[in-house]
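Chemist: Since chain P is already given, all that's left is putting chain L on it; use the hints.
Here is how the chains run, residue by residue.
2 protein chains.
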Amino acid sequence: MKDALPAAAAIELIHAFSLVHDDLPAMDNDDLRRGQPTLHIHAGQAMAILAGDVMMSLAFEFISEATLEASQRVALAAELARATTAMIAGQVYDTLGGFEPGADTRERLELIHQHKTAALIRAACRMGAICGQASAGQLQAITLYGETTGLMFQIVDDLLDITQSAEHIGKATGKDETAGKLTYPRLYGEGGSRKEIERLRKAAHESLAKFGQAAGPLGDLCDRMAIRTK
Amino acid sequence: MKDALPAAAAIELIHAFSLVHDDLPAMDNDDLRRGQPTLHIHAGQAMAILAGDVMMSLAFEFISEATLEASQRVALAAELARATTAMIAGQVYDTLGGFEPGADTRERLELIHQHKTAALIRAACRMGAICGQASAGQLQAITLYGETTGLMFQIVDDLLDITQSAEHIGKATGKDETAGKLTYPRLYGEGGSRKEIERLRKAAHESLAKFGQAAGPLGDLCDRMAIRTK
Numbered sequence: 001m002k003d004a005l006p007a008a009a010a011i012e013l014i015h016a017f018s019l020v021h022d023d024l025p026a027m028d029n030d031d032l033r034r035g036q037p038t039l040h041i042h043a044g045q046a047m048a049i050l051a052g053d054v055m056m057s058l059a060f061e062f063i064s065e066a067t068l069e070a071s072q073r074v075a076l077a078a079e080l081a082r083a084t085t086a087m088i089a090g091q092v093y094d095t096l097g098g099f100e101p102g103a104d105t106r107e108r109l110e111l112i113h114q115h116k117t118a119a120l121i122r123a124a125c126r127m128g129a130i131c132g133q134a135s136a137g138q139l140q141a142i143t144l145y146g147e148t149t150g151l152m153f154q155i156v157d158d159l160l161d162i163t164q165s166a167e168h169i170g171k172a173t174g175k176d177e178t179a180g181k182l183t184y185p186r187l188y189g190e191g192g193s194r195k196e197i198e199r200l201r202k203a204a205h206e207s208l209a210k211f212g213q214a215a216g217p218l219g220d221l222c223d224r225m226a227i228r229t230k
Numbered sequence: 001m002k003d004a005l006p007a008a009a010a011i012e013l014i015h016a017f018s019l020v021h022d023d024l025p026a027m028d029n030d031d032l033r034r035g036q037p038t039l040h041i042h043a044g045q046a047m048a049i050l051a052g053d054v055m056m057s058l059a060f061e062f063i064s065e066a067t068l069e070a071s072q073r074v075a076l077a078a079e080l081a082r083a084t085t086a087m088i089a090g091q092v093y094d095t096l097g098g099f100e101p102g103a104d105t106r107e108r109l110e111l112i113h114q115h116k117t118a119a120l121i122r123a124a125c126r127m128g129a130i131c132g133q134a135s136a137g138q139l140q141a142i143t144l145y146g147e148t149t150g151l152m153f154q155i156v157d158d159l160l161d162i163t164q165s166a167e168h169i170g171k172a173t174g175k176d177e178t179a180g181k182l183t184y185p186r187l188y189g190e191g192g193s194r195k196e197i198e199r200l201r202k203a204a205h206e207s208l209a210k211f212g213q214a215a216g217p218l219g220d221l222c223d224r225m226a227i228r229t230k
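Top line first, the protein sequences correspond to chains P and L.
Residue 24 in my numbering sits at position 24 of the first sequence; the count goes up by one each step and never skips.
Residue 213 in my numbering sits at position 213 of the second sequence; the count goes up by one each step and never skips.
Hints are computed from structural coordinates only; laboratory data are not their basis.
A quick note: this is a predicted structure, and the numbers were derived from the prediction, not measured.
C-beta atoms are modelled at their ideal positions from N, C-alpha and C, and glycine is treated no differently.
Incorrect hints may have been included.
Unchecked claim - Listed next, the stretches of chain P that the computed footprint assigns to chain L, with coverage defined by at least 3 CB atoms under 8 Å from CB atoms of chain L:
1. 91-97
2. 119-130
3. 137-149
4. 211-218
Stated by the list, open to error - Looking from chain L toward chain P, a few residues come up when the C-beta cut is under 10 Å (computed):
5. HIS42
6. GLN45
7. ILE49
8. ALA51
9. THR84
10. MET87
11. SER135
Stated by the list, open to error - Residues from chain L that face chain P, not an exhaustive set, calculated with beta carbons under 7 Å:
12. MET56
13. ALA81
14. GLY219
Here chain P stands alone, though its shape is the one from the complex:
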């Protein structure tokens, strides 16, 4: 599906934008990413801010210039823009708080996870479906797959932060704990987290049922996300 390439590139650009800006000293202040110095360490803060900015604008350039129907390009831009807004809101919740004082911690955690991680994975799944001119039913099924794997991804990420070394996963670990961040393991323990990962993994597989063999790679991807160690 050659026509889906600009959409895939756009998603990767939005992902990279969020990592580069989240790593900034004023935000998560991370020096290490994938075993390499983060961009603001490598090229300075001004360049990291501007590079993140241009990744976002280029993402929308790629989509609007793709060789797809105008209606598809509009749908893709809407999906990606909403997911990007959601991710930024998730970072606001995660970095700056801003919840009501009495807000339930489980609800807060869900809010952070859904916005910060699941929104882009959900959008990536839906954007692929839009490129493939999926039916309404197919789009609904793939949306569910994206939402469940998106949540699962973040719980696995939170677990790795407390169970793996920085050398192994290529970025600082134990930071959530130190910062007193609201994470799944902190709220439900390691065992509870692993149970929830398994529940979501199964739900993701069920959402793929209607696609039969064709969705094999998506099932495999979900399984690999569940057991990854970095």
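Modeler: Leaving out everything else, chain L in the frame of chain P:
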């Protein structure tokens, strides 16, 4: 033209995004904007970075959800994305340099002006024309108007930086001079700059000729931009 409102809001969001990020300590490090504390002074750097980010994603959300033809929405998104990329490139040139050592200073100055300021004014003009379903000839004329007024706007801005007080224009002045920035007055003097403003003002009016009376407000806007003192 009710349908043009989301496009107008999107342009204003991109403008605000660029101001908020350009004001950051790692960039132009400005404390004052329109007589008020800049956003990072008021709400902290993390919030200023995230607010700028979300302004950009919201701009593309607004456009993709507008009640216009899909082909118009795609054209609007493409215009705005390209202009945003150009503005960010302009900020890279302006803040970080990165020109070839032997590059001609006049060419450098033109490059900065065209990217940093003229690109968004040009896009704003073209996006209005797209909302109004302008013909190819009309679009060409309004593009020329946007390019000439855009360049004129920046030369006026550079002049104000050296001729007006911070109290009067509501932001720090004399900063270009101190930073040794490449500006029109520095290269061509105050007199040369005023001559160029007048040349561009006339060119902008000529570009509007084919619209007759209907373009009266655009002619007035250009005149006001030429003589503004803040």
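Chemist: Does each hint hold? Answer for all of them.
Modeler: We went through each hint and held it up to the structure:
no., hint, in the structure
1, 91-97, "holds (count 4)"
2, 119-130, "violated (count 0)"
3, 137-149, "violated (count 0)"
4, 211-218, "violated (count 0)"
5, HIS42, "14 Å, violated"
6, GLN45, "4 Å, holds"
7, ILE49, "6 Å, holds"
8, ALA51, "9 Å, holds"
9, THR84, "4 Å, holds"
10, MET87, "8 Å, holds"
11, SER135, "19 Å, violated"
12, MET56, "5 Å, holds"
13, ALA81, "4 Å, holds"
14, GLY219, "31 Å, violated"
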